[in-house]
Amino acid sequence: MPMKTEPFVVNIGPQHPSTHGVFRMRLTLDGERITDADMVIGYLHRSMEKLAEERSFTQVIPFTDRTDYVAAMTGNLAYVLAAEKLCGIEAPERAQWLRVIMSELQRFASHSMAVGVFANDCGAWQTPVMHMFREREKILDLFEMACGARLTTNYMRIGGVSRDIPPEFMPAAHKLLAELPKRMDEYEDLLVENEIIVARSRGVGVLPAELAIATSVSGPMLRASGVAWDIRKADPYAAYERLEFDICVGTNGDVYDRFLVRVAEMRQSIRILEQALAMIPDGPVAVDVPVALRPPAGEAYGRIESPRGELGFYVVSDGGPAPYRFHIRSPSYINLTPLRDLAIGATVADAIVILGSIDIVVGEVDR
Amino acid sequence: MPALAAWYDLRDLGHYVTSVINWLQDDLSAPDWVTYVVSGVIGIVAILLWLLISQLSFIWIERRIIGRMQARIGPNRVGPRGLLQPIADALKLLLKEAITVRLADRPLFWLGPVLIFVPAMVVFAVIPFGKGMTLADLNVGVLFVIAIGSTNTVAVFIAGWSSNNKFALLGAMRTVAMLISYELIQVLALLGVVVFAGSMRLGEVVAWQSHYNAWLLFLQPLALVSFMIASAVEINRSPMDISEAESEIVAGYHTEYSGIKFGFFYTAEYFAGFAISAVTVTLFLGGWTAWGLEEWVPGWLLFLSKLYLVFFLFIWTRGTLPRLRIDQLMAFAWKFLLPLALVNVLVAGGEVLAWREGDISSNVALPIFGVANAVLAAQLIIGWGTFMGHLKPERRAKRAVLTQELGAVYYVPPKRPAGEP
Numbered sequence: 001m002p003m004k005t006e007p008f009v010v011n012i013g014p015q016h017p018s019t020h021g022v023f024r025m026r027l028t029l030d031g032e033r034i035t036d037a038d039m040v041i042g043y044l045h046r047s048m049e050k051l052a053e054e055r056s057f058t059q060v061i062p063f064t065d066r067t068d069y070v071a072a073m074t075g076n077l078a079y080v081l082a083a084e085k086l087c088g089i090e091a092p093e094r095a096q097w098l099r100v101i102m103s104e105l106q107r108f109a110s111h112s113m114a115v116g117v118f119a120n121d122c123g124a125w126q127t128p129v130m131h132m133f134r135e136r137e138k139i140l141d142l143f144e145m146a147c148g149a150r151l152t153t154n155y156m157r158i159g160g161v162s163r164d165i166p167p168e169f170m171p172a173a174h175k176l177l178a179e180l181p182k183r184m185d186e187y188e189d190l191l192v193e194n195e196i197i198v199a200r201s202r203g204v205g206v207l208p209a210e211l212a213i214a215t216s217v218s219g220p221m222l223r224a225s226g227v228a229w230d231i232r233k234a235d236p237y238a239a240y241e242r243l244e245f246d247i248c249v250g251t252n253g254d255v256y257d258r259f260l261v262r263v264a265e266m267r268q269s270i271r272i273l274e275q276a277l278a279m280i281p282d283g284p285v286a287v288d289v290p291v292a293l294r295p296p297a298g299e300a301y302g303r304i305e306s307p308r309g310e311l312g313f314y315v316v317s318d319g320g321p322a323p324y325r326f327h328i329r330s331p332s333y334i335n336l337t338p339l340r341d342l343a344i345g346a347t348v349a350d351a352i353v354i355l356g357s358i359d360i361v362v363g364e365v366d367r
Numbered sequence: 001m002p003a004l005a006a007w008y009d010l011r012d013l014g015h016y017v018t019s020v021i022n023w024l025q026d027d028l029s030a031p032d033w034v035t036y037v038v039s040g041v042i043g044i045v046a047i048l049l050w051l052l053i054s055q056l057s058f059i060w061i062e063r064r065i066i067g068r069m070q071a072r073i074g075p076n077r078v079g080p081r082g083l084l085q086p087i088a089d090a091l092k093l094l095l096k097e098a099i100t101v102r103l104a105d106r107p108l109f110w111l112g113p114v115l116i117f118v119p120a121m122v123v124f125a126v127i128p129f130g131k132g133m134t135l136a137d138l139n140v141g142v143l144f145v146i147a148i149g150s151t152n153t154v155a156v157f158i159a160g161w162s163s164n165n166k167f168a169l170l171g172a173m174r175t176v177a178m179l180i181s182y183e184l185i186q187v188l189a190l191l192g193v194v195v196f197a198g199s200m201r202l203g204e205v206v207a208w209q210s211h212y213n214a215w216l217l218f219l220q221p222l223a224l225v226s227f228m229i230a231s232a233v234e235i236n237r238s239p240m241d242i243s244e245a246e247s248e249i250v251a252g253y254h255t256e257y258s259g260i261k262f263g264f265f266y267t268a269e270y271f272a273g274f275a276i277s278a279v280t281v282t283l284f285l286g287g288w289t290a291w292g293l294e295e296w297v298p299g300w301l302l303f304l305s306k307l308y309l310v311f312f313l314f315i316w317t318r319g320t321l322p323r324l325r326i327d328q329l330m331a332f333a334w335k336f337l338l339p340l341a342l343v344n345v346l347v348a349g350g351e352v353l354a355w356r357e358g359d360i361s362s363n364v365a366l367p368i369f370g371v372a373n374a375v376l377a378a379q380l381i382i383g384w385g386t387f388m389g390h391l392k393p394e395r396r397a398k399r400a401v402l403t404q405e406l407g408a409v410y411y412v413p414p415k416r417p418a419g420e421p
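Protein sequences, first through last, are from chains A and B.
Oh and the first sequence: position 11 is 11 in our numbering, straight run, nothing missing.
Oh and the second sequence: position 132 is 132 in our numbering, straight run, nothing missing.
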């Protein structure tokens with residue numbers, strides 16, 4: 001007589017130590033193997049796109065802090081680029097460089113958190129996270145100097161940045177930059193070379209390049225699948241075309257490659273920052289923009305390479321003071337698309353690591 | 001009172017009990033069972049008191065050490081330097097509601113946390129803490145340790161099953177699977193020790209190490225390594241804390257436990273850690289002896305310092321290492337540790353046979369064995385690792401490719417289909 005069986009369904013989340021927010025994975029298990037996976041999102045939905053339609057163009061900027069709250073600077077920048085494109089405003093030279101500096105600091109901070117939390121998902125109990133947070137704290141200190149806030153920075157403005165950096169910023173930034181390569185060496189020794197992390201992540205959650213392109217995955221996840229694509233090179237914004245840096249790509253598209261790409265990008269960020277801090281010119285940091293900004297009717301799409309991928313803002317104006325339509329192309333959300341394909345056939349422990357390697361921010365998934 | 005006749009001699013705490021027993025027998029002419037019970041109770045109370053004090057101190061010490069490892073300070077608010085933190089924790093656990101979920105199997109749900117204490121504490125009965133400080137010097141002490149250690153799993157499985165929680169069930173299943181694999185390795189590792197010492201009585205293993213001035217750590221390095229790994233698995237310490245893997249299955253088998261019932265698991269985890277450290281120290285690190293130092297320093301003090309040192313290793317691994325996956329841990333047991341442990345037992349047997357039969361002086365034989373076994377251990381680990389393909393380039397660490405070529409595709413499809421380990 002065949003034994004009566006029923007599928008074993010486990011809810012990973014919305015309250016779970018490793019879902020990186022209120023995200024839920026509904027896994028159907030056969031022993032430890034995953035036979036089916038459902039993604040349930042929407043727990044953090046705040047209706048930002050609709051809310052933005054009721055705000056003036058400048059008032060929208062704080063929302064962009066709160067979509068991707070781990071990387072607020074890049075969120076600001078992407079929206080501001082879209083709005084500038086819509087209005088036909090060009091930010092002054094110094095503002096462009098400040099934007100690069102802030103974006104790269106933010107990328108380093110965000111990647112260090114992604115790498116640390118990924119190690120945590122692999123089971124290294126909090127230690128890598130805490131060490132990564134140490135560097136992140138120093139970057140947040142720099143943000144605090146520049147704009148008074150650490151997480152929700154609200155720094156970029158249409159036509160520039162909100163204020164110039166204070167005199168103590170540059171020495172602190174140089175000091176931090178001198179320190180970071182040493183830290184990176186340490187982290188590469190301890191994490192990239194770690195036998196257990198290699199065993200846990202090598203060959204796990206392989207995302208082939210075709211699938212990555214087909215599901216419009218972007219950012220480190222796309223690059224880990226071997227596709228050399230970076231908006232900073234493909235569609236340069238701010239001052240990126242004057243900077244020298246490499247695109248970091250993986251070859252196997254597995255979890256380990258995503259982790260490697262992030263670590264390598266942290267090094268590239270240091271490289272960019274070193275150039276940018278040396279090359280930044282003096283001058284005004286913002287152009288005058290009317291308070292009640294009424295862009296001409298039309299539409300614009302501004303996109304940047306955020307730490308998570310292609311972050312785009314699509315803004316439509318009907319000539320009024322508020323956007324007529326406001327859409328966020330959020331990389332976290334779109335990068336989740338192949339998660340089901342990656343999870344099926346893996347084990348529970350793998351699913352956690354795969355989710356960790358995608359590096360979602362639920363604020364950006366749900367908006 | 002004659003019981004305090006030699007109160008100043010701290011080297012041997014056992015003689016206090018001896019004098020109490022002598023006093024009972026000679027002066028009060030108490031029957032045998034009274035002295036038996038009295039000595040037993042004194043031993044039990046002493047061990048429990050020591051365990052509780054050690055545990056409370058180590059909660060603080062572990063949190064401080066891990067704090068340092070994680071570039072933070074650790075508890076420093078409650079009391080001077082946070083020293084009262086463990087007491088605050090204990091009070092919190094006592095006062096919180098111990099929720100029993102509605103769908104739980106109530107009697108078993110209660111039984112789990114109680115049962116988990118038993119193996120962790122009973123092991124100490126056979127451990128020689130110092131000269132004449134053994135509660136029960138069993139002639140099959142090593143077997144007893146292994147047998148008791150494995151009952152731990154029953155408690156964990158009861159807890160996981162009775163909670164009626166899916167995470168708890170997964171954790172419990174993982175524990176059972178792990179124990180079956182690692183129990184074998186533990187036994188094989190201890191077999192090497194027993195072959196050398198020629199006795200299963202823990203007191204005699206210590207005496208043997210003291211007599212030949214050779215800790216079994218030097219004679220059986222491979223056994224020590226495999227025993228420590230297997231023990232870490234048994235007591236669920238990181239990096240083998242798979243059955244309570246926080247980032248995967250929340251808290252594993254004790255997900256549904258709260259309040260003091262969780263406190264029981266928390267305490268038992270420390271007790272089990274101490275128990276395993278005690279066994280390691282006794283069997284591999286010379287127990288309470290240290291090359292004649294025990295003449296001057298109380299043996300129990302030596303024992304405890306070694307024990308805490310070994311326990312520190314567990315804290316260290318917890319603070320630094322990531323966790324393996326269950327299938328990798330099982331593969332490690334069966335494909336890696338088991339063959340090595342088997343070879344080790346064979347070599348140990350051959351060495352002892354040669355030593356006995358060949359009539360070699362121990363001054364010559366033991367250093368040779370020590371060097372030979374250390375070399376053998378290193379060779380075996382490297383050689384077997386190479387043979388199993390752990391050093392193949394596709395398993396080694398690598399770095400991301402740096403490129404300037406926008407739009408190029410560097411993807412190399414995997415040779416094996418996805419999902420296969």
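Source of the hints: derived by calculation from the structure; they are not laboratory data.
A virtual CB, placed ideally from N, CA and C, is assigned to each residue, including glycine.
It is possible that part of the hints are untrue.
[As the list claims (entries may be wrong)] Coverage of chain A stretches by chain B, computed from C-beta distances (three or more under 8 Å per stretch; other residues unrestricted):
| no. | region |
| --- | --- |
| 1 | 14-25 |
| 2 | 202-215 |
| 3 | 311-322 |
To see whether the hints hold, each was checked on the structure:
{"no.": "1", "hint": "14-25", "result": "holds (count 3)"}
{"no.": "2", "hint": "202-215", "result": "holds (count 5)"}
{"no.": "3", "hint": "311-322", "result": "violated (count 0)"}
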